[in-house]
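Residue numbers (the working numbering), protein chains in the order written: chain A, 309 to 428; chain B, 164 to 717.
Errors might be hidden in some of the hints.
Claimed, not checked - Calculated lysine to any residue pairs in the SDA-like style (CA-CA distance at most 25 Å, straight line):
id, chain 1, residue 1, chain 2, residue 2
1, B, K200, A, V372
2, A, K355, B, L190
3, B, K641, A, D319
4, A, K355, B, K641
5, B, K200, A, T359
6, B, K640, B, G371
7, B, K330, B, V386
8, B, K640, A, K355
9, B, K260, A, E321
10, B, K641, A, T391
11, B, K260, A, L366
12, B, K260, A, Q411
13, B, K330, B, G371
14, B, K260, A, C376
15, B, K260, A, A335
16, B, K260, A, V372
17, B, K200, A, H353
18, B, K200, A, D319
19, A, K355, B, L204
20, B, K640, A, Q411
21, B, K260, A, I362
22, B, K200, A, I362
23, A, K355, B, K662
24, B, K662, B, R686
What the hints assert, rightly or not - Computed beta-carbon distance windows for the label pairs:
id, chain 1, residue 1, chain 2, residue 2, range
25, A, G374, B, V712, 16 to 22 Å
26, A, D341, B, R402, 31 to 37 Å
27, A, Q411, B, R686, 37 to 43 Å
28, A, A349, B, L436, 58 to 64 Å
Don't read these hints as lab results, they were simulated from the structure. The C-beta atom is built at its ideal place from N, Cα and C for all residues, glycine as well.
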Amino acid sequence: MKALTANRLIDGEVVFWTGAGWSERFADSVLFDGDPAAAEAAEAHAKSQPTLLIDPYLIEVAAVEGGCAPVSYRERLRALGPTNRPVDGKQAAGGADIAILAQAHGAARSKGRVDLIRRK
Amino acid sequence: MYRYDDIDRQMLADRAAEFRDQCARRLAGDLTEDQFKPLRLMNGLYLQLHAYMLRVAIPYGALNAAQLRALAHVARTYDRGYGHFTTRTNLQFHWIKLRDAPDILDELAAVGLHAIQTSGNCIRNLTADPHAGATADEVDDPRIWAEAIRQWSTFHPEFSFLPRKFKIAVTGSPNDRAAIRVYDIGLRLHRDADGALAFQVLVGGGLGRAPHLGSMIRESLPVRHLLSYLQSILRVYNRHGRRDNPNKARIKILVAALGPAEFARQVEAEWALTDHAAIDLPDTELARIRAGFAATAFETLPAASAAFDSARAGSRAFARFARNNVLPHKRGGYALVNVSLKAIGETPGDCSAEQMEVIADLAERYSMNEARVTYEQNLLLPHVRLDDVPAVREALAAAGLATPNITLISDIIACPGLDYCALANARAIGIAQDIARRFADPDRAETIGELKIKISGCINACGHHHVGHIGILGVDKKGEEFYQLTLGGSAAEDAEVGKILGPALPAVRVAEAVDQLVDVYLRERQDGERFLDTYRRTGLEPFKEAVYVPTHQA
Numbered sequence: 309m310k311a312l313t314a315n316r317l318i319d320g321e322v323v324f325w326t327g328a329g330w331s332e333r334f335a336d337s338v339l340f341d342g343d344p345a346a347a348e349a350a351e352a353h354a355k356s357q358p359t360l361l362i363d364p365y366l367i368e369v370a371a372v373e374g375g376c377a378p379v380s381y382r383e384r385l386r387a388l389g390p391t392n393r394p395v396d397g398k399q400a401a402g403g404a405d406i407a408i409l410a411q412a413h414g415a416a417r418s419k420g421r422v423d424l425i426r427r428k
Numbered sequence: 164m165y166r167y168d169d170i171d172r173q174m175l176a177d178r179a180a181e182f183r184d185q186c187a188r189r190l191a192g193d194l195t196e197d198q199f200k201p202l203r204l205m206n207g208l209y210l211q212l213h214a215y216m217l218r219v220a221i222p223y224g225a226l227n228a229a230q231l232r233a234l235a236h237v238a239r240t241y242d243r244g245y246g247h248f249t250t251r252t253n254l255q256f257h258w259i260k261l262r263d264a265p266d267i268l269d270e271l272a273a274v275g276l277h278a279i280q281t282s283g284n285c286i287r288n289l290t291a292d293p294h295a296g297a298t299a300d301e302v303d304d305p306r307i308w309a310e311a312i313r314q315w316s317t318f319h320p321e322f323s324f325l326p327r328k329f330k331i332a333v334t335g336s337p338n339d340r341a342a343i344r345v346y347d348i349g350l351r352l353h354r355d356a357d358g359a360l361a362f363q364v365l366v367g368g369g370l371g372r373a374p375h376l377g378s379m380i381r382e383s384l385p386v387r388h389l390l391s392y393l394q395s396i397l398r399v400y401n402r403h404g405r406r407d408n409p410n411k412a413r414i415k416i417l418v419a420a421l422g423p424a425e426f427a428r429q430v431e432a433e434w435a436l437t438d439h440a441a442i443d444l445p446d447t448e449l450a451r452i453r454a455g456f457a458a459t460a461f462e463t464l465p466a467a468s469a470a471f472d473s474a475r476a477g478s479r480a481f482a483r484f485a486r487n488n489v490l491p492h493k494r495g496g497y498a499l500v501n502v503s504l505k506a507i508g509e510t511p512g513d514c515s516a517e518q519m520e521v522i523a524d525l526a527e528r529y530s531m532n533e534a535r536v537t538y539e540q541n542l543l544l545p546h547v548r549l550d551d552v553p554a555v556r557e558a559l560a561a562a563g564l565a566t567p568n569i570t571l572i573s574d575i576i577a578c579p580g581l582d583y584c585a586l587a588n589a590r591a592i593g594i595a596q597d598i599a600r601r602f603a604d605p606d607r608a609e610t611i612g613e614l615k616i617k618i619s620g621c622i623n624a625c626g627h628h629h630v631g632h633i634g635i636l637g638v639d640k641k642g643e644e645f646y647q648l649t650l651g652g653s654a655a656e657d658a659e660v661g662k663i664l665g666p667a668l669p670a671v672r673v674a675e676a677v678d679q680l681v682d683v684y685l686r687e688r689q690d691g692e693r694f695l696d697t698y699r700r701t702g703l704e705p706f707k708e709a710v711y712v713p714t715h716q717a
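In isolation and in its complexed conformation, chain B is listed as follows (with noise of 0.2 Å):
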């Protein structure tokens, strides 16, 4: 795992010594709230319903033992014993105090972890395939990139004052699982005509208010070209964003108002222009950092495993876990370990500090001292011997991480709501505990098979829900919490936004309405299909039907 250097270990220590000594001046008075709240957001602190909230970056989702055992600590020494992982694979906290950001800021900073990226309007926290150098889909490592594109876009003047919030995600392999089509450039490796590296360029994808799916404008730049091609990219934003109405003002919009055609003209335009060597990432460089990411030491080990097979003849609770949360290696004897963060009843993407540190502890003895995180709030174990999974999967399910329901009905996505959010219209939380707990049969669950619901407190859509197989919105309905749901998203490499299916229902229609819908489901699946695969092929009005007649009649 790339590991930072003495100008990234200054870098953080000043930042956090900044950021003391801003703290001390606003609680002195020398600082206005209006002159201090951007100063605390670009350090990842805001404000939200019962106290200060802060998110920690984790660049493209890659922690180590060390980082989690930090984490760990700030949760139980400054915050109420748990953190929450997001969509943006970040971390957040959600009882933070003023007075002991300092303190966690520099705390954070020793293990090579920080806040900044998580607030303005600037180039966000990189995100990246979970599965980067574990997975044989892949053509090149997403990391190399997404670590490239960090040091390059972090603290970067020119960017730092965008229209809005800028995303990345970067991907190796034609398997999305970074959800690139719904950010502001989504990347794609893959290999060119000639067979070598090359970058597919989408822009302009997003979810909130207006969700749109990126463009490609560019099939195949070189990979030497990245940065000088995001930085043109970025220049043709930062001149022609909207910066007169904030829910106009991402990419999205301006990709859609130019039409992605004339977009990609005037990035070529201005790219033309550019001096690529002066911008564009030097091969020793690009060197220095792949080496970083250099595949830890594999064994040689044979495909199968004595251990792993017994253990799957052996137990049901084991085979039922190697079937939905066990994933090939690209080695042969490893495997890919989900460590569910969506145990029955409990919130999505909550960990507690025990938990992190028995994750911590797996990653160093069975995972080359990685885990991951990914963007629906699940972490995983990248580097398991297969031998070992037996013993891993023991471990996680006495911390309650190895529910075995990795892309199923109870894997659900949900931001926090209105239970932690300020911005938010309604809960999300509960109602995706509702959901999980009347799916709760293991059995139900995988006949159901792969079911992506993602559920968002407001239109913001952290919670991603109009690209979620089921999508619940919570909107306000004359004060009280209605949920306006849409089916058929996708957030994959066969990406959709999603329909909506018909008016809003209460809460306590809302785990009854996905009941109605996976019946229909079930009675109307062909040979292999989805629910999603279903949905497209009959569209939306059985499902709406079954959710809506009975209400009537009723």
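Looking at chain A on its own, in the form it has when it is part of the complex (with noise of 0.2 Å):
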């Protein structure tokens, strides 16, 4: 599975894809399940919206308990906040999507925006 995510421009905030608009929560996620063709188009789309967000990418996602969580650690992160700091980043809204994030455990390599910043 795939959800889309980028950072906004305007505050350089993460968001995903919902499949009508972007939403600071990875629950709010489209997941594209065994269709690449429609990840890629929703790919191309957000990458034609140069004033709405920065660097747009699909990253992995899979089942875990309660729900799904992105499958990098780097991005878990990404949707939750750093964890020095509960109280800053999107986990500190908490809620059940939220602990379903937290709570999943693995790690997958993941470059995120590694390759995106040295492409430029």
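Combine both chains into one complex, guided by the hints.
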């Protein structure tokens, strides 16, 4: 499964594609399951919104206990906030969806935006 | 403290206005991200994991009260109420919004602060010995020269598009508190054979993927030729530095490839062709800058202070603070007071808006309106009367800033790591917190003595792990956070790159491994040896056995 993420241009906030717009919560993500063409189309659409977004890219998502979570630890941190300050970032809002992400285990190699940063 | 003149102030105001226009054009779609990104980076604005990050330059780590208060105001108004001091003596705000950035640059410019030279392949913000102007062991004040380089290098058209970023550090002391051996250029002021002020010039130091210590290419450069000689070094680098591979583009790679002697020969040849007088600082300008750093009005005080001595005798906590955080000043009756940003369990280098204001008040009232940032991610009040140290300590303690751990095991350098940084592979802050908590007992920390732990979340080494007595590098092992330990590094005058201890450890093992290393040290140490001295005498083996054998047997 994949989800589509980016940072919002005006404030840098991490956002996720909902199928109709952009949400600050990972739980609102539309998940592309077995439909790579749809995922790529969504990514292309995101790239056509340069006054709204920076560096949109697709991330791997997997089923975890209670729901879904990004496979990579880096992406879960983006969806939650820094571990040294639980009062900052999206995790501060709390809720069941945040709890699912925070409890998700395992990690996978992900370079996140690193390739996007280096390419430019 | 040096004050920016009208030209500087106008330059900062113009720069902020220019960036405001650039931001507006980006938001309106008139600039693409590819066009805008280098412009925002040149103003210190990076995109990190959770938001934009603004890196504010603090030239040679010097701050006054008004600047600290402005930083506090930015932290409170536009960020989450805190900032993070870095190993480059800059301050990073981690939660900045692009729409606010122009207003922030305006506020900073109003107090002579900016984000110039904090990104890009230019000569970056200068660093210097944080004890400058206060320590007895310096031959001249390095800030004077750092400021001269700042003025010369800011927006220097020839050196704005170097093969890679370029960092210069200056010290006036044989005791290196500015890590000059790991800088692209390290400058050490000393007296030459004739007693004249001169620079020892080191080139090609650096950490990151390929750590190198700087090599001396000139033992004694007459100080008046500083700028023309720097120009010659930069010209050789600009001409021959590799632009085909960012990993090999730093000057350290060029110096290593040519060999320091050949590099020095090319610099000297370039310098011989240079019209020195056209480049070097005129005496009048040097005198003007020097006057800006003229010793503020020190009082003539007795060397000893009854108030200080009685506080030390009457309070174990004060005595401990005095032992670890207070250093002798060049003037009798004064002291340097270290402000620890390493409270146990807190994030190394983080400073809240309230704490910045406390330090601003103390600097203004007790330290001749000066505070300094150290590359070890602490602050310093450079000119405190011994009589006032008890009051300063009390105010610091009330704000959580008096942890008596300077140079001890819990005085840990840690980069922001994967908690914030888009380049990191692993977290650094959490590891630092684990270790600090494990060694929270101040008696035990003092028994262990000087032990410098430095943690980086990736090979770019912002946390200086290569030069930690114990260095810790976060690596990504099949997507899991692992940590590679190195031993025996030093960023001081006895600089050395550490050696890898063994296979990387999982996060949960790191603090325990540090404990095992410390146990070996306490077992093996001989009279007066620091951890580093014991390691140098015994080598890696006893330490390696302690960390790895139990795991293998388990």
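Check each numbered hint from earlier against the structure, then list the numbers of those it violates in ascending order.
1, 3, 4, 8, 12, 14, 16, 23, 25, 26
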